[in-house]
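Residue numbers (the numbering used here), protein chains in the order written: chain W, 97 to 364; chain G, 97 to 364; chain C, 97 to 364.
Derived from the structure by calculation, the hints contain no laboratory data.
Accuracy of the hints is not assured; some may be wrong.
The list makes no distinction among identical chains, and a pair is therefore deemed to hold if it is satisfied within one copy or across any two copies.
[Said to hold, decoys possible] No more than 20 Å apart at the CA atoms, straight line, and that leaves these computed lysine to aspartate or glutamate pairs for DMTMM-like:
#1 K300 x E192
#2 K164 x E303
#3 K300 x D158
#4 K195 x E235
#5 K278 x E226
#6 K278 x E356
#7 K346 x E240
#8 K361 x D158
#9 K164 x E305
Now for the letters of each chain:
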Amino acid sequence: MEEQVVRKVVEEVLSRVQGQNRGEGKGGDVVAVENVVEHPGVTEFVGTAIGDTIGLVIANVDSMLHEKMGLDKRFRSIGILGGRTGAGPQIMAADEAVKATNTEIVAIELPRDTKGGAGHGSLIIFGAEEVSDARRAVEVALQELPRTFGDVYANEAGHLEFQYTARASYAIGKAFNAPVGKAFGLIVGAPAAIGVVCCDTAVKAAEVEIVGYASPAQGTSYTNEAILFISGDSGAVRQSLIAAREIGLKLLSALGGRPESVSGKPYI
Amino acid sequence: MEEQVVRKVVEEVLSRVQGQNRGEGKGGDVVAVENVVEHPGVTEFVGTAIGDTIGLVIANVDSMLHEKMGLDKRFRSIGILGGRTGAGPQIMAADEAVKATNTEIVAIELPRDTKGGAGHGSLIIFGAEEVSDARRAVEVALQELPRTFGDVYANEAGHLEFQYTARASYAIGKAFNAPVGKAFGLIVGAPAAIGVVCCDTAVKAAEVEIVGYASPAQGTSYTNEAILFISGDSGAVRQSLIAAREIGLKLLSALGGRPESVSGKPYI
Amino acid sequence: MEEQVVRKVVEEVLSRVQGQNRGEGKGGDVVAVENVVEHPGVTEFVGTAIGDTIGLVIANVDSMLHEKMGLDKRFRSIGILGGRTGAGPQIMAADEAVKATNTEIVAIELPRDTKGGAGHGSLIIFGAEEVSDARRAVEVALQELPRTFGDVYANEAGHLEFQYTARASYAIGKAFNAPVGKAFGLIVGAPAAIGVVCCDTAVKAAEVEIVGYASPAQGTSYTNEAILFISGDSGAVRQSLIAAREIGLKLLSALGGRPESVSGKPYI
């Protein structure tokens with residue numbers, strides 16, 4: 097009987113301890129817990145999503161602050177999308193939001209974050225003439241996030257990210273200097289050593305154009321990532337991404353457990 | 097009986113595991129454990145405080161190093177205050193120290209730290225002609241830290257910070273470019289999205305002057321924070337801070353548990 | 097009997113929880129788990145080592161990517177060494193690798209990483225005309241890492257690092273601007289406050305030349321470190337390092353537990 101008690105207790109305790117660790121975001125590299133939205137009773141609040149992301153609006157930004165923030169004067173109202181974990185997922189989500197609403201992207205800033213992981217967090221600001229437009233943009237972006245976190249894979253040693261759109265819009269244009277209206281792909285590998293091989297594999301897999309390359313000392317906020325931005329024919333971009341994902345998952349597995357999709361729903 | 101054993105064991109183990117986690121600084125965003133001071137038997141050692149902060153002195157800095165560090169030649173002796181977690185609390189504490197002693201602030205450098213959290217750590221150097229003055233400044237600053245951590249609030253998703261002084265002195269002037277001798281307030285919100293709303297709320301709540309604004313890509317070391325520095329009438333500054341704190345606590349609660357004062361003693 | 101069960105269960109659970117924490121890199125400041133190498137079946141893969149370090153090769157870098165990465169055109173083949181934790185250990189290991197092989201160092205980039213700790217990660221690229229040379233360089237570097245992590249000491253509050261070579265080669269020259277062919281020493285202390293005292297102690301302990309000094313705001317990627325690069329007579333450099341290590345271990349102990357060698361094998 098003693099043995100049974102021991103086993104039972106060990107299991108219960110471990111499950112509770114693991115639950116805590118998960119809840120507190122202490123575990124792996126990219127921790128992207130989707131929070132139960134408890135409305136804080138504040139008019140600025142829009143919602144929350146995976147990646148410790150929060151969506152907010154300000155109907156009428158204070159004019160002094162407006163100036164200090166360096167925002168375009170045309171927009172009284174702003175929508176704010178920001179998270180501790182993830183830059184690519186939030187930028188891709190914001191790109192869908194600007195397609196769907198009467199807003200513009202006025203700022204994209206990338207902190208070095210991910211809660212002890214190897215990557216970025218994000219702060220994205222939408223400008224709008226009407227607060228209802230700003231709110232709608234933030235809502236659309238929050239809804240897109242479970243999808244755009246689908247091809248983010250993480251284990252305890254690092255992460256990989258792949259993003260695809262058939263038609264890049266203005267968030268992607270502003271953040272990555274990519275041509276608007278064309279198919280776009282994003283490849284991220286962390287630690288950066290793995291990212292370099294993913295980038296090389298991607299460009300060898302299909303005829304794509306390199307829009308940009310970023311690494312710890314250039315184009316990132318000192319993240320431990322190598323990043324490639326690609327553009328071109330839709331089929332070719334997808335083929336590049338799939339090849340990069342295949343090798344990335346194998347290499348990151350050599351440093352830890354099998355990397356898992358952060359939202360559980362890959363889309364590429 | 098089995099049930100009782102199970103419950104008892106589960107409780108004991110959880111309490112010990114949580115104790116470990118707390119002790120090792122793995123838990124939330126701003127972890128600021130006050131260490132039991134065990135004197136290391138080194139003349140340079142002054143003390144430790146909350147935020148993994150250590151206070152040190154060098155009576156006579158090596159002249160070659162002095163030059164490489166870019167320190168003002170007038171000061172042979174330096175006091176050193178630095179921590180893993182927190183920049184605002186240490187700068188506010190240093191401000192009280194320069195008021196109380198015959199020292200000057202010769203360097204304030206802000207690493208991207210907080211042990212996996214969203215903010216800064218700190219390295220502050222006091223210059224003095226006599227080592228006793230440098231030591232006194234460090235002692236005063238260490239004593240101030242439990243107070244200046246009082247309006248730092250953290251949960252597993254981020255943190256908020258509010259600081260107030262009726263009369264800013266030279267540490268605040270150097271770090272934040274704020275007018276010396278006037279009331280000063282500091283507002284920090286992380287993730288930065290929450291900080292933006294706190295800043296806007298602050299400036300709408302009372303007639304204050306914006307001394308500066310900082311965000312992940314400008315004025316921070318890539319932290320996930322939006323930060324406002326305000327100056328003005330003492331009552332107005334306090335009113336701004338209180339309004340920002342109220343909305344910040346509500347918004348950060350939407351991403352996690354109720355944010356708690358890091359030192360347990362709010363002062364504003 | 098109940099007491100025995102309780103004790104037994106508590107011990108087992110704690111050992112399993114601690115094992116998890118260790119494995120997941122949640123514990124202290126510098127977490128440098130040596131991974132069991134599971135070959136991912138990819139030709140680019142060379143091996144893994146302490147510090148979540150991975151070694152890779154690309155036989156023939158895509159020419160477009162080559163250009164975007166800003167690599168020297170002479171080298172078709174590259175070796176890649178990168179880790180989440182550690183810059184000094186990987187640079188010292190790469191220095192041995194360039195001594196032993198027909199390769200050059202074409203890039204050293206230092207992310208702000210260490211998985212929530214106070215320091216850097218690393219991305220080092222070797223250039224070679226033949227892929228076999230690139231692979232050999234990466235192999236040599238991976239083999240050196242357990243040694244070069246020997247005088248990295250960490251506890252939950254920070255870390256210290258000391259490196260020594262009797263004859264610096266081109267990796268050290270490129271990374272630290274140190275004279276090639278001479279004895280070289282590296283001193284790192286985190287939090288930076290402790291590092292400042294280590295640096296001062298080092299230069300007072302022996303007649304050495306300061307090659308450089310780095311701190312959170314200058315020469316680092318915003319790490320919470322003060323760093324000194326020294327050169328000179330071999331005996332003097334060692335004497336400086338030993339003095340700095342002695343005071344560093346005492347001071348870091350004041351903020352936490354006794355700092356332990358990350359690989360368990362100090363070499364200085």
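Tested hints:
1. Neither within a single protomer nor between protomers do K300 and E192 lie at most 20 Å apart by alpha-carbon distance, with minima of 29 Å and 32 Å respectively.
2. Taking the shortest alpha-carbon separations for K164 and E303, only the inter-copy value of 16 Å comes in at or below 20 Å, while the best intra-copy value is 44 Å.
3. Taking the shortest Cα distances, K300 and D158 sit within 20 Å of each other only across copies (7 Å), while inside one copy they are farther apart (50 Å).
4. For the homomeric pair K195 and E235, the shortest alpha-carbon distance inside one copy (13 Å) is at most 20 Å, but the shortest distance between copies (49 Å) is not.
5. For the homomeric pair K278 and E226, neither the shortest alpha-carbon distance inside one copy (29 Å) nor that between copies (38 Å) is at most 20 Å.
6. Proximity of K278 to E356 under the C-alpha cut-off of 20 Å is found in neither arrangement, the shortest distances being 29 Å within a copy and 47 Å between copies.
7. Taking the closest pair of Cα atoms, K346 and E240 never come within 20 Å of each other, the shortest separation being 28 Å inside a single copy and 25 Å across copies.
8. With identical chains, the CA atoms of K361 and D158 are never at most 20 Å apart, being 40 Å at best within one copy and 31 Å at best between copies.
9. Taking the closest pair of Cα atoms, K164 and E305 come within 20 Å of each other only across two copies (11 Å); inside a single copy the shortest separation is 37 Å, beyond that limit.
Violated hints, listed in ascending order, are 1, 5, 6, 7, 8; each of the other numbered hints is respected by the structure.
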